[in-house]
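Asks: Spelled out, the chains give:
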Amino acid sequence: SAVISQKPSRDICQRGTSLTIQCQVDSQVTMMFWYRQQPGQSLTLIATANQGSEATYESGFVIDKFPISRPNLTFSTLTVSNMSPEDSSIYLCSVARGPDTQYFGPGTRLTVL
Amino acid sequence: AQSVAQPEDQVNVAEGNPLTVKCTYSVSGNPYLFWYVQYPNRGLQFLLKYITGDNLVKGSYGFEAEFNKSQTSFHLKKPSALVSDSALYFCAVRDPYNTDKLIFGTGTRLQVFP
Numbered sequence: 024s025a026v027i028s029q030k031p032s033r034d035i036c037q038r039g040t041s042l043t044i045q046c047q048v049d050s051q052v053t054m055m056f057w058y059r060q061q062p063g064q065s066l067t068l069i070a071t072a073n074q075g076s077e078a079t080y081e082s083g084f085v086i087d088k089f090p091i092s093r094p095n096l097t098f099s100t101l102t103v104s105n106m107s108p109e110d111s112s113i114y115l116c117s118v119a120r121g122p123d124t125q126y127f128g129p130g131t132r133l134t135v136l
Numbered sequence: 012a013q014s015v016a017q018p019e020d021q022v023n024v025a026e027g028n029p030l031t032v033k034c035t036y037s038v039s040g041n042p043y044l045f046w047y048v049q050y051p052n053r054g055l056q057f058l059l060k061y062i063t064g065d066n067l068v069k070g071s072y073g074f075e076a077e078f079n080k081s082q083t084s085f086h087l088k089k090p091s092a093l094v095s096d097s098a099l100y101f102c103a104v105r106d107p108y109n110t111d112k113l114i115f116g117t118g119t120r121l122q123v124f125p
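Which chain is which? The protein sequence lines are A and B, in order.
For any residue, its number in the working numbering is found by taking its place in the first sequence, counting from 1, and adding 23.
For any residue, its number in the working numbering is found by taking its place in the second sequence, counting from 1, and adding 11.
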């Protein structure tokens, strides 16, 4: 498995502001993933983050809205930019660990007023 | 399109009784299937997976799942439910065209009553 931490665990933000979510893994991983879980809904992949390259975004998600950094093999950040109430969700990071299995962090619960 | 269906929004079961949480899938090729559990205010925890081999897969906390290719199903089961099993359960399949991507079902809330 993997030990994954996220900061903050929750936040309440004002419309129009931005929030950066951090994800830290206990050991080096090639790829990290960011998911969104909207209230009462399932998880949707936002993007895949490789160290040293641009993140790959899924359809419906753009870099301007969800910029991602991956400065090293154990850390990544996701920024939710220019937030609106529709961005209220749980944001989760995950990593792939041997083999074929993704392990998830505890999530960041975001409320936008 | 690749997809996963969890037909029940909620499953209620008495403690000590067997439980089943249903999942069906539609995916090209051989499926890689997963079950995750989400406890309140917690992230997703991996329960078990099917990649190949024995159709009955055993996982964490006494859970098991049965892969049925002809019915394209991967139902989660436990012989004797515990109140502490009450949580939100997600079935997922790996996207065969983007193997980094998991496609999740809508989730089933399991409520175990004492």
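None of these hints come from the bench; they were simulated from the model.
Keep in mind that the hints are not guaranteed to be accurate.
Going by beta-carbon spacing under 10 Å, a handful of chain A positions derived as facing chain B [said to hold, decoys possible]:
1) V85
2) C116
3) A119
Glycine included, each C-beta is placed from N, C-alpha and C at the ideal position.
Asks: All hints are to be evaluated individually against the structure, with a verdict given for each.
Replies: Outcome of the hint check:
1. Of the supplied interface hints, the one on V85/A is violated, with its beta-carbon coming no nearer than about 17 Å to a beta-carbon of chain B, more than 10 Å.
2. The closest approach between the C-beta of C116/A and any C-beta of chain B is roughly 9 Å, which is under the 10 Å cut-off, so the hint is satisfied.
3. With its C-beta approaching chain B no nearer than about 7 Å, A119/A sits inside the 10 Å limit, and its interface hint holds.
In the structure shown, a violation is registered for the earlier hint numbered 1 alone.
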